[in-house]
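Engineer: Residue numbers (UniProt numbering): 1 to 228.
Everything labelled a hint here was simulated from the structure, so no lab data went into it.
All C-beta atoms in this analysis are idealised placements derived from N, C-alpha and C, irrespective of residue type, glycine included.
Treat the hints with care, since some could be wrong.
Derived Cβ-Cβ restraints for the label pairs, each shown as a range [claimed, not checked]:
(1) Gly-54 with Lys-189: 35 to 41 Å
(2) Ile-181 with Phe-46: 24 to 30 Å
(3) Tyr-15 with Thr-49: 43 to 49 Å
(4) Asp-76 with Arg-209: 28 to 34 Å
(5) Arg-209 with Leu-16: 16 to 22 Å
(6) Lys-9 with Val-78: 41 to 47 Å
(7) Gln-68 with Ser-147: 19 to 25 Å
(8) Ile-186 with Glu-45: 29 to 35 Å
(9) Gln-68 with Leu-196: 24 to 30 Å
(10) Ser-58 with Phe-100: 35 to 41 Å
(11) Ile-69 with Leu-167: 34 to 40 Å
(12) His-41 with Ala-139: 38 to 44 Å
(13) Phe-57 with Leu-167: 45 to 51 Å
(14) Leu-167 with Gly-11: 40 to 46 Å
Listed below are the simulated DSS-like cross-link pairs for lysine-lysine, each with C-alpha atoms no more than 25 Å apart in a straight line [stated by the list, open to error]:
(15) Lys-189 with Lys-202
(16) Lys-202 with Lys-9
(17) Lys-198 with Lys-9
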Amino acid sequence: MDISVTAAKPGRRRYLTLIMIFITVVICYVDRANLAVASAHIQEEFGITKAEMGYVFSAFAWLYTLCQIPGGWFLDRVGSRLTYFIAIFGWSVATLLQGFATGLMSLIGLRAITGIFEAPAFPTNNRMVTSWFPEHERASAVGFYTSGQFVGLAFLTPLLIWIQEMLSWHWVFIVTGAIGIVWSLIWIKVYQPPRLTKSISKAELDYIRDGGGLVDGDAPLKKRRGSR
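Sequences are here, hints too, so could you generate the full structure?
Structural biologist: Now the structure itself:
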């Protein structure tokens, strides 16, 4: 067979997006694990019982669950870029403020707020992978970013314990919250949906689209309608 045209290599820009999702998942899970690290010291300082500490842990889970559908609704309308910026910034500020908590009620309130802002995280991850990867690469992409939760829990928990022992439990939340705030600013600066990303080649964009990737699916609703 005479092939007169050699297909252009698709490029690897999509993997930068995958690394960004991975980092976000790591931060997300560290901001969940920090309470478990600090709970004994918090109980001692504030005189909180184990049952009351259970309310603090549950506050996150309840609001995280309740806000899944509203978070998905918001994501559908504004796209991943703005959703994740608001989410990361919001849960990181709430995390940082936990380092300045004054008692049981402030902890419950701040953990609830953390749950609200973390709710859109995995819907956003799934949407981004669907937009950035062809179908035959999606399972690998999901597996990679999902591993970030175990990196956050297994490898960074010892670092949180060290911070607590060297400084205090307050700094566990201040440090993890500050890292998330910085990352949210990097996110909004760097991330764009596939079609709006200047550094992606036409060959890679075609490769994603031809493989079943929804290259227009990650943009805000108005831009998706305008591209039809």
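Engineer: Identify every previously stated hint that the structure contradicts and give their numbers, smallest first.
Structural biologist: Numbers 4, 6, 10, 13 - these are the hints that the structure violates, sorted from lowest upward.
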